[in-house]
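*Asks:* Residues per chain, in single letters:
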Amino acid sequence: MSAAAPLTEEIQARYEKIKREAEEGGYHLNPDQAFTVNLVRGLLVNEQRYGYPSCPCRISFGKRDEDLDIICPCDYRDPDLDEFNACYCALYVSDAVLKKELSVGSIPERRPPRSERKAALAGSSGRLTDMGLPFPVWRCRVCGYLCARDTPPLVCPVCKATKDRFERFI
Amino acid sequence: MNQMKMEHVPGKARGKITLYALSTCGWCAKTKELLRELGVDHFYVFVDLLPPEELEEAIREVEKFNPAGSFPTLVINEGTRVIVGFREQEIREALG
Numbered sequence: 001m002s003a004a005a006p007l008t009e010e011i012q013a014r015y016e017k018i019k020r021e022a023e024e025g026g027y028h029l030n031p032d033q034a035f036t037v038n039l040v041r042g043l044l045v046n047e048q049r050y051g052y053p054s055c056p057c058r059i060s061f062g063k064r065d066e067d068l069d070i071i072c073p074c075d076y077r078d079p080d081l082d083e084f085n086a087c088y089c090a091l092y093v094s095d096a097v098l099k100k101e102l103s104v105g106s107i108p109e110r111r112p113p114r115s116e117r118k119a120a121l122a123g124s125s126g127r128l129t130d131m132g133l134p135f136p137v138w139r140c141r142v143c144g145y146l147c148a149r150d151t152p153p154l155v156c157p158v159c160k161a162t163k164d165r166f167e168r169f170i
Numbered sequence: 001m002n003q004m005k006m007e008h009v010p011g012k013a014r015g016k017i018t019l020y021a022l023s024t025c026g027w028c029a030k031t032k033e034l035l036r037e038l039g040v041d042h043f044y045v046f047v048d049l050l051p052p053e054e055l056e057e058a059i060r061e062v063e064k065f066n067p068a069g070s071f072p073t074l075v076i077n078e079g080t081r082v083i084v085g086f087r088e089q090e091i092r093e094a095l096g
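Chains as they are written, first to last, in this note's numbering: chain Z, 1 to 170; chain P, 1 to 96.
Treat the hints with care, since some could be wrong.
[What the hints assert, rightly or not] Taking lysine-lysine pairs in the DSS-like style, the calculated list, with each CA pair at most 27 angstroms apart, reads:
hint, chain 1, residue 1, chain 2, residue 2
1, Z, K100, P, K30
2, Z, K17, Z, K100
3, Z, K99, Z, K160
4, P, K30, Z, K99
5, P, K64, Z, K63
6, Z, K118, Z, K163
7, P, K30, Z, K17
8, Z, K63, Z, K160
9, P, K30, P, K16
10, Z, K19, P, K30
11, P, K5, Z, K63
12, Z, K118, P, K64
13, Z, K118, Z, K63
[Claimed, not checked] Beyond 10 angstroms from chain Z on every Cβ pair, some chain P residues (computed):
hint, residue
14, R36
15, E54
16, E63
17, E78
18, R87
To be clear, the hints were calculated from the coordinates, so they are not data collected in a lab. Values in this document were obtained by computation on a predicted structure and should not be read as measured data. Beta carbons are placed, not taken as given, at the ideal position from N, Cα and C, and that holds for glycine.
Kindly generate the complete structure, drawing on both the sequences and the hints.
*Replies:* Take a look at the structure:
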C-alpha cells in the first residue's frame with residue numbers, strides 16, 4: 001500500500017461523522033462498536049487507495065464510475081436493511097437490531113455479478129418518458145430521495161450521497 | 001497456473017482449505033478468526049492487497065467457485081464444497 005494506515009483518531013472522527021449523519025437521516029450504525037469501527041477503518045483505507053470510500057466488503061478495481069454503486073452508503077443498503085436488517089457489511093443495521101430484538105449475520109450479495117454490471121453500464125438506463133415537466137426529477141440511488149431541479153444537488157440531503165450517485169428519474 | 005501468493009496457516013489436516021478474503025471486510029475477519037480457532041490447516045489470501053496484475057486472476061478464480069465474486073469465499077478441496085459469507089455453523093460443520 002502506498003499511503004500510511006489511517007490513524008486511530010482519524011478512524012474515530014470518521015466513525016462519529018458517519019454515525020451522526022446516519023442518525024440524522026433515520027439510519028443506524030451497528031451497535032457492535034469494535035466491529036463497526038473496523039469497517040470505518042476499511043472505508044478510510046479504501047478512500048486512501050482509490051480516492052473514494054468504496055465498500056470495505058467488496059472488491060474494487062479503483063474505477064469510480066464502475067464503483068458508484070458501492071461507494072458507502074451503497075445502492076444496496078436500503079433494500080438489504082428492509083430484507084435482512086443490515087447492509088452487506090453490517091455497518092448499517094435496522095431499528096430492530098439496534099434495539100437488540102434481532103441479531104445480524106452475513107447476508108447474500110445483492111450486487112449483480114461483474115458480467116451483468118458491465119452490460120448494464122453499456123446499456124441505457126430505463127427512464128420514464130418525458131412528461132413535459134418544468135424541471136427534470138432526480139433520484140438518489142442510495143435512499144430514493146427525489147428532487148425537481150435542473151441538476152442534482154451536490155450532496156443528497158438525506159443520505160449524503162454525492163451528486164454523481166443521482167439518476168434522472170423523470 | 002496458481003501463482004498468487006497465499007499465506008499458509010498450519011494446523012489439523014481437513015483437506016485443502018483456501019480462504020479468499022478482503023483485508024478491510026468484517027465478515028472476512030470473522031471467517032479468518034474462525035479458521036484459526038478451529039485450528040485447521042489452511043491457506044488465505046487478501047485479494048485487495050494483491051498487485052493489480054494478480055487481482056484479475058484472483059477474482060476469476062473466486063468467480064469460478066462463487067459466480068457473485070463476493071467475499072469471504074471459502075473453498076474446500078478444490079471446490080468440492082464452497083461456503084460463501086461468514087456462515088459460522090456451516091463452516092464448523094464442514095471443518096470441525
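*Asks:* If a hint holds in the structure, say so; if it doesn't, say that too.
*Replies:* Structure-based check of each hint:
1. K100/Z with K30/P: holds (20 angstroms)
2. K17/Z with K100/Z: Holds. K17/Z to K100/Z sits at ~23 angstroms (cutoff 27 angstroms).
3. K99/Z with K160/Z: OK: K99/Z and K160/Z at ~25 angstroms, within 27 angstroms.
4. K30/P with K99/Z: holds (23 angstroms)
5. K64/P with K63/Z: holds (23 angstroms)
6. K118/Z with K163/Z: Judged against 27 angstroms, a Cα distance of about 22 angstroms means the pair holds.
7. K30/P with K17/Z: holds (25 angstroms)
8. K63/Z with K160/Z: Holds, because 21 angstroms separates the two Cα atoms, which is no more than 27 angstroms.
9. K30/P with K16/P: holds (20 angstroms)
10. K19/Z with K30/P: holds (23 angstroms)
11. K5/P with K63/Z: holds (24 angstroms)
12. K118/Z with K64/P: holds (18 angstroms)
13. K118/Z with K63/Z: holds (13 angstroms)
14. R36: Fine: 17 angstroms to the nearest Cβ keeps R36/P off the interface.
15. E54: Nearest chain Z Cβ is 12 angstroms from E54/P, so the label holds.
16. E63: violated (7 angstroms)
17. E78: Consistent with the label, E78/P stays out of reach of chain Z, its closest Cβ about 21 angstroms off (over 10 angstroms).
18. R87: violated (6 angstroms)
Consistency with the previously given hints fails for numbers 16 and 18, ordered from lowest to highest.
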